[in-house]
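S.K.: Each chain, letter by letter, is given below.
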Amino acid sequence: GAGVSQSPRYKVAKRGQDVALRCDPISGHVSLFWYQQALGQGPEFLTYFQNEAQLDKSGLPSDRFFAERPEGSVSTLKIQRTQQEDSAVYLCASSSAGLGDTQYFGPGTRLTVL
Amino acid sequence: AQSVTQPDIHITVSEGASLELRCNYSYGATPYLFWYVQSPGQGLQLLLKYFSGDTLVQGIKGFEAEFKRSQSSFNLRKPSVHWSDAAEYFCAVGEEKLTFGTGTRLTIIP
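Read top to bottom, the protein sequences are chains A and B. Residue numbering for the first sequence follows the numbering used here, starting at 106 and increasing by one per position. Residue numbering for the second sequence follows the numbering used here, starting at 31 and increasing by one per position.
It should be emphasised that the hints constitute simulated quantities derived from the structure, not laboratory data. The beta-carbon is built from N, C-alpha and C at its ideal position, and this holds for glycine as well. A portion of the hints provided could be inaccurate.
Here's a subset of chain A near chain B, in silico, CB distances under 7 Å, partners left out [what the hints assert, rightly or not]:
no.	residue
1	Y115
2	G133
3	H134
4	Y153
5	A202
6	L204
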C-alpha cells in the first residue's frame, strides 16, 4: 500500500503558538518513530512507539514536546509554545517490528517558527 | 552511547567515476548499520543495511557497503555514479532508535 504520510507538509507558526504534526504509518506497522532534522544536520531521534505504548521518549528536547499514538496507528507530535529553535523538519518513520527492521520514512513536515 | 561520524561534508565526483563515502561508528554490541539517501524535498530512502553475515552488502541503485569491524567502518561504494545519484547520504546505526551521521552531500559534475 501507500508509504508513510505526514501532514501538513509545511507549517509556519508564530512564536508561542501550539502546533500538531500528524503521521500516518504504513498499515500494519507496529513501530513508529519521530525524528527532528535541523538544517544541514542528520535526523535526531525524538521518540518511539510500539503500538500505542511510548517506549522511549529520551530524545524529546523539552516538556513542550509531546507525542501520542492512542490507537496504535496514527501518531501526533505536539509542540506547545513554539520557539524559533524548534524550526526544523520533523520526520516520521514506521517499521513492521523487531530489532533492526527497516524504518520507512515519510516526507517530513517542515516547521518554521517566526 | 552510539554515534556515527561521516567525515566528508561534501564530495564532488564526475559522472561515471567511482564513489566511496566514509562512515565510522561507535556502538556497544554488534551493530545494525544503515545507509539512507535523501533527495531534496524527499524522505529518506534506505539504500542498504547490515547486521550479520557477509560483510559486503549489496543495495539498491548499484550501491554496496563493506562492514569492517576492526576499523568500525561501514563505507558506501558505487563503481560508476550517475547524475541522478546527486543527493545527501546518511549513515546510521541502531537497533530501534537510529543515530545518524551529519550526512555527506554528493555533487555530480558532467
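S.K.: Indicate, hint by hint, whether the structure satisfies it.
M.R.: Now for the hints, and whether the structure bears them out:
no.	hint	result
1	Y115	11 Å, violated
2	G133	18 Å, violated
3	H134	13 Å, violated
4	Y153	6 Å, holds
5	A202	10 Å, violated
6	L204	4 Å, holds
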